[in-house]
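Novice: Protein chains in written order, with this note's numbering: chain U, 80 to 235; chain W, 6 to 290; chain S, 16 to 119.
Any given hint could be a false lead.
Simulated pairs of lysine-lysine, DSS-like, Cα-Cα distance not exceeding 25 Å [said to hold, decoys possible]:
(1) LYS21(S) with LYS230(W)
(2) LYS191(U) with LYS53(S)
(3) LYS49(S) with LYS253(W)
(4) LYS227(U) with LYS104(W)
(5) LYS35(W) with LYS143(W)
(6) LYS188(U) with LYS53(S)
(7) LYS90(W) with LYS135(W)
(8) LYS119(S) with LYS83(W)
(9) LYS108(S) with LYS25(S)
(10) LYS108(S) with LYS165(U)
(11) LYS53(S) with LYS205(U)
(12) LYS49(S) with LYS230(W)
(13) LYS62(W) with LYS104(W)
(14) LYS117(S) with LYS18(S)
(15) LYS227(U) with LYS208(W)
(16) LYS44(W) with LYS230(W)
(17) LYS108(S) with LYS147(U)
(18) LYS95(S) with LYS143(W)
(19) LYS47(S) with LYS108(S)
(20) LYS119(S) with LYS53(S)
(21) LYS146(W) with LYS83(W)
(22) LYS27(S) with LYS143(W)
Please keep in mind that the hints were generated in silico from the structure rather than gathered at the bench.
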Amino acid sequence: MNTKRRSFIKSSAAAGAFGVAVSAGLITPRAVMAAWPKAAFAATDVDAAVKNAFGSSDTTESSDIALKAPEIAENGAVVPITVTSKIAGTESISLLISKNPTPLTATFKMGKGAEGFVSTRVKMSKTSDLVVVVKANGKLYSAKKEVKVTIGGCGG
Amino acid sequence: MKKVAVIVSALCMLIAPLAGIAANPDQDLKDFRSHFTEKFPSVPLQDFTNGVYSVDKASREQWEAFEDFPPYEIYVDKGEVLFNKAFKNGKTYSSCFPKANKGIRQDYPYFSEKRGEIVTLEMAINECRKANGEKPLKYKKGAMTHLTAYLAYKSRGHKGNVKIVDSPKSIAAYERGKKHFYAKRGQLNMSCADCHYYNAGGKVRADILSPALGHTSHFPVYRNKWSLASSSGDGMGTLHRRYGGCNKQVRAKPFKAQSEEYRALEYFHTYMSNGLTMNGPGVRK
Amino acid sequence: MAKSIKVRAKVKGDSTVVKALISHAMETGLRKNKKTGKMIPAHYIQEVTCSHNGNDVLNADWGTAISKNPYLSFKFGGAKKGDTLKMSWVDNKGESDSVEAKIK
């Protein structure tokens, strides 16, 4: 965790100071994004991505992770997904799409009072497993669901 | 026998021009509507405005996820800013569309007796711009769709209210639009009706064919497909943009946006959804 | 500059449900411009931060596979009506934006 970034946010009083500081060069994007896991996002398979992001690819399947995603995506570029983790002490929820060129899609880190819940829309290049990795109490849990991506007959 | 035949044919000659069919738009509307309500008995009438999502559960769930915070909201906001921005001469769109905030989409397109032609909302917007010394906007995407997205949003709740004026030119335009809808065209030799009337609810590969009833209520529309084609992710498009795309799909040469042909089609097409609640803009595949 | 983030934050029982829609191209860098034949450079949000009362409630690391005009929803406790929520993002080009919203 980047504690420097956290304390900056605490001390900024003005609205948008964060963004202003970045664009003013006071905080260079590189420093801010020191926390952005470049290697994990560049990994080309799920195991490598998880290992890179968490130090281990050892995950336990858990039925306490509810993954809502369509069976057949209407449009692979915008697949709505919702993850609910009932695992106590959920620290983060990561989304990976197994057949994407770089599977790691996002990691949501729960802050103060945040619940193990996240909903977003993702890009899937083809029929693939949507894999969720939850970090809780130092352990990694996972769940997955296959989402089919088809080609339509219409267009326009 | 011969006498009867002569009388019958004489009567036919009298009736024929009137029956252009005799265009009976009211009856057309009733028949059009009942075709769909009979084909999909479990769909409430007003739900047809949700297109494919009214007849397919799986895609409906995804669409509802989208409607939770739909991408078109970004463009409704942009449209609101555009609508309230003054022209170089100080006037705003309100001078041309005083009732915009109360909802006006449901009244378009309309037939102008004075001009003898169909006027669509997009045309009216550009005419407003011209009258105030501004350049016209493109008719298929961009700023035009942001403006109409805002106007459509403000018109939600109103029921489609297109009027088919009982005059020869208006009826001719209506008939022209109706003909376009049912006529086969293109290399694939298909009509709008082939997909959206006779085979509504059916599949073309993985796409589901939307019923034509309720087609026009939610335009302009944000299509995920169009957002991919836009560098900024702007997926908004007008009805005529979609008409062009559909014509191309059956490998027919598309008409120009706001051409007489598409305006006639819009006149017929929108009239068929009269009485249905305006719910634009919409988000679609 | 026009805000690229639309946020809706509502109290529901013990949690605050936050929904956001961000206007951003989220370009992967893997697509070609059909007209010019050139690759469209990657341009995507890498970090999203949401804070309440000076505390981060959510930090997200994003890659290129989050959709265009991204949507995000999450929930957190400990806030009440009238409180302020702050959301900001930074992308791979160093561009950023932030917005404040009242919790309803």
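Novice: The structure should be examined with respect to each hint, and the outcome stated for every one.
Specialist: Comparing the hints with the structure gives:
1. LYS21(S) with LYS230(W): Holds. LYS21(S) to LYS230(W) sits at ~22 Å (cutoff 25 Å).
2. LYS191(U) with LYS53(S): Between LYS191(U) and LYS53(S) the Cα gap is close to 44 Å, so the pair fails against 25 Å, i.e. violated.
3. LYS49(S) with LYS253(W): Roughly 18 Å separates the two Cα atoms, so the pair holds.
4. LYS227(U) with LYS104(W): violated (46 Å)
5. LYS35(W) with LYS143(W): violated (35 Å)
6. LYS188(U) with LYS53(S): violated (36 Å)
7. LYS90(W) with LYS135(W): Between LYS90(W) and LYS135(W) the Cα gap is close to 15 Å, so the pair holds against 25 Å.
8. LYS119(S) with LYS83(W): Distance of about 24 Å is within 25 Å: holds.
9. LYS108(S) with LYS25(S): Violated - the C-alpha atoms of LYS25(S) and LYS108(S) are around 32 Å apart, more than 25 Å.
10. LYS108(S) with LYS165(U): Not OK: LYS108(S) and LYS165(U) at ~36 Å, beyond 25 Å, violated.
11. LYS53(S) with LYS205(U): holds (24 Å)
12. LYS49(S) with LYS230(W): holds (15 Å)
13. LYS62(W) with LYS104(W): violated (37 Å)
14. LYS117(S) with LYS18(S): Measuring from Cα to Cα gives roughly 15 Å; hence the hint holds.
15. LYS227(U) with LYS208(W): Holds - the C-alpha atoms of LYS208(W) and LYS227(U) are around 17 Å apart, at most 25 Å.
16. LYS44(W) with LYS230(W): With a Cα-Cα distance of about 29 Å, the restraint between LYS44(W) and LYS230(W) is violated, given a limit of 25 Å.
17. LYS108(S) with LYS147(U): It is violated: about 32 Å lies between the C-alpha atoms, which goes past 25 Å.
18. LYS95(S) with LYS143(W): Cα-Cα ~46 Å, so violated.
19. LYS47(S) with LYS108(S): holds (19 Å)
20. LYS119(S) with LYS53(S): violated (46 Å)
21. LYS146(W) with LYS83(W): holds (13 Å)
22. LYS27(S) with LYS143(W): violated (44 Å)
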